[in-house]
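K.L.:
Listed below, chain by chain, are the residues.
Number of protein chains: 2
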Amino acid sequence: MNAKLITAPVVALDVMSGDGGPAVAIAAADIAAERYPRLSFLLFGKEAVIAAELAKHPRLAARSKVFHTDDVVLMTDKPSQALRRSRTSSMGMAIGAVKSGEAHAAVSAGNTGALMAMALFALRTMPGIDRPALAALLPTLKNDSVVLDLGANTECDADNLVQFAVMGAAFARTVLGLERPRVALLNIGEEEMKGTEEIKEAAAMLRGADLPMQFEGFVEGDKIGQGDVDVVVTDGFSGNIALKTAEGTSRLVIGLLANAFRSSWLTQLGYLLSRGALRALRAHLDPNAHNGAVFLGLNGLVVKSHGSANERGIANAIGVAHDLIVDSVGTRISHDMASFKAHRPADAPAA
Amino acid sequence: MNAKLITAPVVALDVMSGDGGPAVAIAAADIAAERYPRLSFLLFGKEAVIAAELAKHPRLAARSKVFHTDDVVLMTDKPSQALRRSRTSSMGMAIGAVKSGEAHAAVSAGNTGALMAMALFALRTMPGIDRPALAALLPTLKNDSVVLDLGANTECDADNLVQFAVMGAAFARTVLGLERPRVALLNIGEEEMKGTEEIKEAAAMLRGADLPMQFEGFVEGDKIGQGDVDVVVTDGFSGNIALKTAEGTSRLVIGLLANAFRSSWLTQLGYLLSRGALRALRAHLDPNAHNGAVFLGLNGLVVKSHGSANERGIANAIGVAHDLIVDSVGTRISHDMASFKAHRPADAPAA
Numbered sequence: 001m002n003a004k005l006i007t008a009p010v011v012a013l014d015v016m017s018g019d020g021g022p023a024v025a026i027a028a029a030d031i032a033a034e035r036y037p038r039l040s041f042l043l044f045g046k047e048a049v050i051a052a053e054l055a056k057h058p059r060l061a062a063r064s065k066v067f068h069t070d071d072v073v074l075m076t077d078k079p080s081q082a083l084r085r086s087r088t089s090s091m092g093m094a095i096g097a098v099k100s101g102e103a104h105a106a107v108s109a110g111n112t113g114a115l116m117a118m119a120l121f122a123l124r125t126m127p128g129i130d131r132p133a134l135a136a137l138l139p140t141l142k143n144d145s146v147v148l149d150l151g152a153n154t155e156c157d158a159d160n161l162v163q164f165a166v167m168g169a170a171f172a173r174t175v176l177g178l179e180r181p182r183v184a185l186l187n188i189g190e191e192e193m194k195g196t197e198e199i200k201e202a203a204a205m206l207r208g209a210d211l212p213m214q215f216e217g218f219v220e221g222d223k224i225g226q227g228d229v230d231v232v233v234t235d236g237f238s239g240n241i242a243l244k245t246a247e248g249t250s251r252l253v254i255g256l257l258a259n260a261f262r263s264s265w266l267t268q269l270g271y272l273l274s275r276g277a278l279r280a281l282r283a284h285l286d287p288n289a290h291n292g293a294v295f296l297g298l299n300g301l302v303v304k305s306h307g308s309a310n311e312r313g314i315a316n317a318i319g320v321a322h323d324l325i326v327d328s329v330g331t332r333i334s335h336d337m338a339s340f341k342a343h344r345p346a347d348a349p350a351a
Numbered sequence: 352m353n354a355k356l357i358t359a360p361v362v363a364l365d366v367m368s369g370d371g372g373p374a375v376a377i378a379a380a381d382i383a384a385e386r387y388p389r390l391s392f393l394l395f396g397k398e399a400v401i402a403a404e405l406a407k408h409p410r411l412a413a414r415s416k417v418f419h420t421d422d423v424v425l426m427t428d429k430p431s432q433a434l435r436r437s438r439t440s441s442m443g444m445a446i447g448a449v450k451s452g453e454a455h456a457a458v459s460a461g462n463t464g465a466l467m468a469m470a471l472f473a474l475r476t477m478p479g480i481d482r483p484a485l486a487a488l489l490p491t492l493k494n495d496s497v498v499l500d501l502g503a504n505t506e507c508d509a510d511n512l513v514q515f516a517v518m519g520a521a522f523a524r525t526v527l528g529l530e531r532p533r534v535a536l537l538n539i540g541e542e543e544m545k546g547t548e549e550i551k552e553a554a555a556m557l558r559g560a561d562l563p564m565q566f567e568g569f570v571e572g573d574k575i576g577q578g579d580v581d582v583v584v585t586d587g588f589s590g591n592i593a594l595k596t597a598e599g600t601s602r603l604v605i606g607l608l609a610n611a612f613r614s615s616w617l618t619q620l621g622y623l624l625s626r627g628a629l630r631a632l633r634a635h636l637d638p639n640a641h642n643g644a645v646f647l648g649l650n651g652l653v654v655k656s657h658g659s660a661n662e663r664g665i666a667n668a669i670g671v672a673h674d675l676i677v678d679s680v681g682t683r684i685s686h687d688m689a690s691f692k693a694h695r696p697a698d699a700p701a702a
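Note that the protein sequences, when read in sequence, are chains X and V.
Read in order, the letters of the first sequence are residues 1 to 351 in the numbering used here.
Read in order, the letters of the second sequence are residues 352 to 702 in the numbering used here.
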């Protein structure tokens, strides 16, 4: 593998993004600066606001350059509207810094559709990759699992799914530290005959491939939470439905639990005694702990934070960017795609 | 509406189906017989085994006719294998009794694919319905919601989705007792521009339609658990992924909760004090409480119970069959489809 070792990673941060605004984004960058002593920042947004926040964080200030702009992409902007402001908005300028090579990754907590459109337009897909995919970590009973695509592509063909599998495995090797991640395609049954033609064809291609992963065939939605596979591959529609349904169900069960504890003085006492353990449960499921979805497959790294993330959440998203830079995930993906192409069966049967 | 009032409903029960076997199925039928004094049963399976179980349940025995067969569809049988045994298997014979008019609904806890194939082959779709859909109830923070299709159709066009919406609304009116259910299409965003062409087209058709429902546009996966809509409409692939992911996440959170309570003697004491409330929480989420998925859109009712359902679970599935019979859900669907066709906009824009 022909990786350039990056020892002084630089992150371009869209300071104006996220529900918490610049105060939260800057505080998050400061947490990340403490965690990663070699990491430095390019900060994009309103200079006066950034300066006021940086004054509170001298450690971060010493490792940051500020780039002023008044233009901010709103959560309500359509991707087409945002694209026109690629050079003027804090989001667009952060991506531009990755394109020009000044930064190794861009991080934003802003409008997902706009971020995706700008990132794709500016950075283009890597050789061998037809479409980028949005990947993130989901909590399970065991270790976290990678799920992709989470919404970048509404419809996917077999080649797209195979590329997602390669990218997801590379991501898992970096972020989960696994040598040979277990990879499966999300499906409505585990038998070979189940699912769409695209999925069956992708499975046939992955079964025959010589890749640094353990291909496990199909997995159903109820198995994601068990953590029996490390990478769950699906199209962006189903992936988004699965991710959101999992988040919603988590909230539902925790909401019902809160009601249950409120039901009598006895259960309230029970709650007081169990509080510490319940806090640990909530922490395990907290989206902030798993924050940082990555657009994989572009010529440059772009990390999306939850809009509602807190300081720790955005710091985790910056941490994901840091790890992917240092581990040269892009080089891993190119390498695996090249090796896969070389070994691709001439006529993979649509099993 | 031209409904024949059915005052003496008859359910055809596939006694040999389900993980619990005939003992659980017969005990379940007895619970249902107690709940619904006018309900009677046709029982299909091994006569000797059924007779032995019926001896324990004289109330049920007095209201049952037994039809002997040795042939049982296995969970591992492919739909094509099962289809060949439509006349000889307990599952096929139960469906046959609906076709011949001897029973008003068939209930089975067996192989879903086989049940669907046999039901479609024997009963055919209703006029105006191109494909049947599998519908079931999901627990939410408020009332239960209907979700369909849960896996009968891997891919769907706009017409299918519109028909599912009509059928799901009719189902909600019967099972949830709502006059004007709120109906939404499952999507990856709530904005009109989001999603596949099929979904956008279905939304345009439903927006203009004069139907006994409140069409709410799009809903995302994380909103299912909130219970803000009564009917969630989607294709069988996404619906199955959403249902299974919700089940898996429920189990994940409850598993983590059990671990949390086990972590110290203090939390164990907390658990003891909160036990009653936690039992209520588990009951709210218990699949047995929501058991009974229905194949809608056929010329006859077929209800699928969870294979792992207990006596109470299968009794609930029989209860769903009972309510749908008494409420003439089939007539409701025909009526609504006919009225929808009459009002269908000549050229619905693909918004």
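Wrong hints could be hidden among the right ones.
What the hints assert, rightly or not - EDC-like, lysine to aspartate or glutamate: derived pairs with alpha carbons at most 20 angstroms apart: (1) X/K78 with V/E598; (2) X/K78 with V/E542; (3) X/K142 with X/E198; (4) V/K545 with X/E220; (5) X/K194 with V/E571; (6) V/K574 with X/D228; (7) X/K223 with V/E541; (8) V/K429 with X/D228; (9) X/K142 with V/E571; (10) X/K78 with V/E506; (11) X/K78 with V/D428; (12) V/K429 with X/D210; (13) X/K200 with V/E543; (14) V/K493 with V/E542; (15) X/K142 with X/E216; (16) X/K194 with V/E506; (17) V/K493 with X/E247; (18) V/K429 with X/E191; (19) X/K78 with V/D637; (20) X/K142 with X/E201; (21) X/K223 with V/E548; (22) V/K574 with X/E216; (23) X/K223 with V/E598; (24) V/K429 with X/E192; (25) V/K551 with X/E190.
Unchecked claim - These stretches of chain V come out as covered by chain X in the derived footprint (C-beta under 8 angstroms, 3 or more residues): (26) 408-420; (27) 474-481; (28) 581-595; (29) 598-606; (30) 644-651; (31) 667-675.
Keep in mind that the hints were calculated from the coordinates and are not lab data.
Every residue gets a Cβ at the ideal spot worked out from N, C-alpha and C, and that includes glycine.
K.L.:
Confirm or reject each hint.
P.N.:
Results for each hint:
{"no.": "1", "hint": "X/K78 with V/E598", "in the structure": "34 angstroms, violated"}
{"no.": "2", "hint": "X/K78 with V/E542", "in the structure": "10 angstroms, holds"}
{"no.": "3", "hint": "X/K142 with X/E198", "in the structure": "30 angstroms, violated"}
{"no.": "4", "hint": "V/K545 with X/E220", "in the structure": "25 angstroms, violated"}
{"no.": "5", "hint": "X/K194 with V/E571", "in the structure": "25 angstroms, violated"}
{"no.": "6", "hint": "V/K574 with X/D228", "in the structure": "27 angstroms, violated"}
{"no.": "7", "hint": "X/K223 with V/E541", "in the structure": "27 angstroms, violated"}
{"no.": "8", "hint": "V/K429 with X/D228", "in the structure": "26 angstroms, violated"}
{"no.": "9", "hint": "X/K142 with V/E571", "in the structure": "27 angstroms, violated"}
{"no.": "10", "hint": "X/K78 with V/E506", "in the structure": "28 angstroms, violated"}
{"no.": "11", "hint": "X/K78 with V/D428", "in the structure": "49 angstroms, violated"}
{"no.": "12", "hint": "V/K429 with X/D210", "in the structure": "31 angstroms, violated"}
{"no.": "13", "hint": "X/K200 with V/E543", "in the structure": "31 angstroms, violated"}
{"no.": "14", "hint": "V/K493 with V/E542", "in the structure": "24 angstroms, violated"}
{"no.": "15", "hint": "X/K142 with X/E216", "in the structure": "17 angstroms, holds"}
{"no.": "16", "hint": "X/K194 with V/E506", "in the structure": "12 angstroms, holds"}
{"no.": "17", "hint": "V/K493 with X/E247", "in the structure": "17 angstroms, holds"}
{"no.": "18", "hint": "V/K429 with X/E191", "in the structure": "10 angstroms, holds"}
{"no.": "19", "hint": "X/K78 with V/D637", "in the structure": "41 angstroms, violated"}
{"no.": "20", "hint": "X/K142 with X/E201", "in the structure": "30 angstroms, violated"}
{"no.": "21", "hint": "X/K223 with V/E548", "in the structure": "30 angstroms, violated"}
{"no.": "22", "hint": "V/K574 with X/E216", "in the structure": "31 angstroms, violated"}
{"no.": "23", "hint": "X/K223 with V/E598", "in the structure": "9 angstroms, holds"}
{"no.": "24", "hint": "V/K429 with X/E192", "in the structure": "12 angstroms, holds"}
{"no.": "25", "hint": "V/K551 with X/E190", "in the structure": "30 angstroms, violated"}
{"no.": "26", "hint": "408-420", "in the structure": "violated (count 0)"}
{"no.": "27", "hint": "474-481", "in the structure": "violated (count 0)"}
{"no.": "28", "hint": "581-595", "in the structure": "holds (count 9)"}
{"no.": "29", "hint": "598-606", "in the structure": "holds (count 9)"}
{"no.": "30", "hint": "644-651", "in the structure": "violated (count 0)"}
{"no.": "31", "hint": "667-675", "in the structure": "violated (count 0)"}
Checked against the numbered hints given earlier, this structure breaks hints 1, 3, 4, 5, 6, 7, 8, 9, 10, 11, 12, 13, 14, 19, 20, 21, 22, 25, 26, 27, 30 and 31; the rest are met.
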